[in-house]
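Student: Note that the protein sequences, when read in sequence, are chains A and B.
Everything in the first sequence is counted per this note's numbering, starting at 25 for the first residue and increasing by one.
Everything in the second sequence is counted per this note's numbering, starting at 4 for the first residue and increasing by one.
Derived DMTMM-like pairs: lysine to aspartate or glutamate, alpha-carbon spacing no greater than 20 Å straight-line: (1) A:LYS370 / B:GLU161; (2) A:LYS551 / A:GLU213; (3) A:LYS534 / A:GLU213; (4) A:LYS220 / A:GLU155; (5) A:LYS142 / A:GLU152; (6) A:LYS369 / B:GLU161.
Rather than coming from a laboratory, the hints here were simulated on the basis of the structure.
Given next are the chains, with one letter for each unit.
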Amino acid sequence: MSLLSVEDLTVRYGDNYAVRDLSFAVTRGESVGLVGESGSGKTQTALAILGLLPANATTEGSITLNGRQLLGVTEKALNAVRANGVAIVFQDPMQALNPFLQIGQQLSRILLQHKLGKAAEARARVLEMLERVGLPDPGRQYAAYPHQLSGGMRQRAMIASALIAEPMLLIADEPTTALDVTVQAQILELLADIRKETALLLITHDLGVVAGHCERTLVVAEGGLVEQGATREIFARPQHEHTARLLAAAPRLDRAGVPAGSPGETVLEISGASVVYADRGRRSLRAVKEVDLTVQAGETVAIVGESGSGKSSLVRAALGLVPLHAGRIVFCGAALHGRAQNRSKKIRRGLQLVFQDPAGSLNPQMRVASIIAEPLLVHEPDLTAEVRRERVASILEKVGLGAGYLQRYPHELSGGQAQRVAIARALILSPTVLVCDEAVAALDGTVREQILALLREVQAEEGLSIVFITHDLSVVRAISHRVLVMYLGSLVESSENAALFAGAAHPYTKALLQAVPVPDPEHAGGKATLAGEVPSALNPPSGCTFHPRCQHARDICKSEAPQQRLVGNTTVACHFAEEIGGQ
Amino acid sequence: MLSGGILGGIVMLAIIGPLISPHDYLQTNFDNLLQRPGLSGAHIFGTDDLGRDLFVRAMRGVQITIVVAIVASAVSLVIGVAYGAIAGYVGGRVDAVMMRFVDTLYALPFIFFVILLMVAFERNFLLIFVAIGAINWLDMARIVRGQTLSLREREFVEAARLTGVSTARIIFRHIAPNLLGVVIVYVTLTIPQAILVESFLSFLGLGIQEPQTSLGGLVDAGVNQMEGASWMLLIPAGLLATVLLCFNFLGDAMRDIFDSRSAR
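Sequences are here, hints too, so could you generate the full structure?
Tutor: Right under this line is the structure:
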């Protein structure tokens, strides 16, 4: 008999169907992946199982857990089930943990609330659980508040709180989406490990995550199930075209899409750049340390790193949004100084930026037409309204949106459309260098492919240079000529796209590559070869900043910072690059 | 919606009532002192201790009260939004100086300040606006500054700055329109506050002076006749309470509308 059985589940808000006639089952001890793009109804399904849907939702159908109906029963009956029947891990642990309670208190409350243990035993059981989910020094973490933990630690604490009542089914809703790739790999390994005790329903948009960790996969689209089956089967022989499309758009490392056009002369040169954030003189944080970067005309340079690597600070300094502490920036032969406000218009129009969050970078009170026209008002004030309108319409056409979008407000656009508008605004001044700061990170797989294709197209047509900041190596693989890998503010490796993916020389790059979940159940990737997390830049480790997490670290790494040098085809900062690169 | 309707009705009545009524709000009639209210008589709200028609006086009071409240709120709106947006957007030392000035004004005891104004200058209509406006714009400036601080960090403002859009244009084109929701909600909540302050001042005899009147002044007169002629207190007090309630509900409704819009 199946543990969880969902039959003809429908969730709707008025006439808007979030989930439509969805049926599936999860058996005891099984791990099932629920995959779909945003808006496909995956989270609504999870909330329906837990009885957490908002009051204005109407549900139909049936959900049974161990034969007990969960849909339409009283809050009291549900509470009994929630404790040791189902538990959930949400995407953002900071939101899900109570900021005013210590981790240990939150966990023991769950035990006491459900009368699963006496107060005296609770502490011991909580400590045991904290250790079980891999939190180092459980005694200290017990008394820690959520803000004192890092993102990965918080997610471990969240998993501990979900597991403490020994649920039969654990629902994980995008549990690793907010985490860095190396931490994601650690959390996924933890989830795979606890599977021995509980069934797992893993909700995600990332096919790579499912490929490595689920026995069965359900694919949903627009609230309905389009395909289900064994993970291997689905990945090898997708029956439904939607699944095939998702697979085609899934990020992969083995498919290079190196852009057209050959690099020309150097347009942007940054040498010895350092960025320091000072806290009123008390403490200073070196976000970027002596980084060199050159960009040639028509070239795409990708900067990769986990959060806190300083990749955004570096380009923000180049753009003049944060002050440069030391170093030199030369753009098209002219040295750049100071803040954006003090730079000449010619330089400003040559350097444009596309932000991560497409909705946040567009003024919600302005129409698309005025958003795109604004740079023209500043840089070419002599244009007549007629010419301006034509230019706006033609650039909108170029990014793949028709004239019908001119009068829309940003909230009337989808994420992909909004990002196209943001790109149009950046392109209308025909810049020399376009900086994309995680420009596709907030987008679904298929939309991401389209935006990357658009950037490649524009580059081929106009000989534009692109600096692409990303944490996603599959994006790097798809778009860049050259790749720079950053760790804790320093450049650890830089090389050509193909050379990097064929043989990375720095242990950090190697670990990053291994941690990427690959949508292929046969060689799934997603391996957690890096322990721990990025240390604080306020107090960086001595010598090579990577040494505490590096499995190859020896004594010299603790005392001496490695210099950049050429090893094989890549420039790398590691004492033992020759050995490691050869492995 | 209902509160909006009731409010509209009262305002219409306050405008039209005195025009069609045969009585004038200043006209005394010593043959007709303290007449009880009644639909059959010539005075539906009765008369006061000087024989003046209470309906016309009450309507006059509503007019004055609402005008004072709206003008005072408008004053606080214009000053507060401009001040708060500039302080918040420019930031740094300018912000610190501007906000310390606001803190200083906050520290002034309000009633003392009003009495001083009344003593120093002729008692007049304008002074009420100044006094109320001087208090209300401080709140508005603080709220707007807070909002601006968070808007300033939004990416669309950063994008505008990067393109080279001028500071003035950023404040008026990018910041101000996005403050609209908060500001409108806050203004609808400021109006009842201003009404209360005006009534309070008039009740103390510091506000609108006889023979002009406002709802606060009428309540004050009513209190003196409370034992013999309770209608003189109950009618203006009831009107005042109704108007205040309506504005508060309206403010809540506005907040719901704008909140859902910003959440979209």
